[in-house]
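Residue numbers (UniProt numbering): 1 to 195.
FYI, nobody ran anything at the bench for these hints, they're computed from the structure.
Incorrect hints may appear among the rest.
[What the hints assert, rightly or not] PhoX-like mimics (lysine-lysine), calculated; alpha carbons at most 25 Å apart, straight line:
| # | residue 1 | residue 2 |
| --- | --- | --- |
| 1 | K81 | K140 |
| 2 | K116 | K81 |
| 3 | K99 | K33 |
| 4 | K176 | K140 |
| 5 | K99 | K39 |
| 6 | K125 | K81 |
Just so it is clear, the structure is predicted and the values come from calculations on it, not from any experiment.
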Amino acid sequence: MANFMDVMTRRTVAIDEQLNQITFRQIQQNREKMRSIIKTVVFCGQNAVALRGARDDNPDDETLQGNFQALLAFRVDSGDKTLQEHFENAPRNATYRSKTIQNEIINTVGSYITSKISAEIKESKLFSVLADEAADISNKEQLSLVLRFVDSSQQIREEFVGFYHCEDGTSGVALKEMILKAVADLGLPMANCRG
């Protein structure tokens, strides 16, 4: 009975509030752990640094370590205590260092950047499409797509928005359909396309 009265008079916190506080703290801790990892992936992307080495499956083997693993080790050596504690205490399958996590971060950051570019183009209204088709290293045809527009500060900008695999071939009709779909996926009306 005393516990019930304590909760009702607010001398102690109710169980649901305690659980909410614990969950909130866990979310904050997870965000802190991921912040350094995400910043490392973004740094590599901004500086055109390859993430992975020849065999990047074992982050403890320095001879096979890729740039991403090496940069994370550098962050820990430089005093990133949150990251150090995470690597020391996390289960081996939950360190967020795998190539799968790297790819998920790349895709998420890419989606964020593309949505920002799309929003800027919508604001400026008019745009043009620059496209080029070429074979990638595995000899698969792909289309690179760049959008050109005048931004809010009256500067002409060209922004790369993606590579698209030419699954239906490289005929004019197939490329046109691919471009129309890519522009529609960005939420941009083709009525605003010029050139």
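Structure-based check of all given hints:
no. : hint         : verdict
1   : K81 to K140  : violated, 44 Å
2   : K116 to K81  : violated, 32 Å
3   : K99 to K33   : holds, 17 Å
4   : K176 to K140 : holds, 18 Å
5   : K99 to K39   : holds, 15 Å
6   : K125 to K81  : violated, 46 Å
Checked against the numbered hints above, the structure violates hints 1, 2, 6; every other hint is satisfied.
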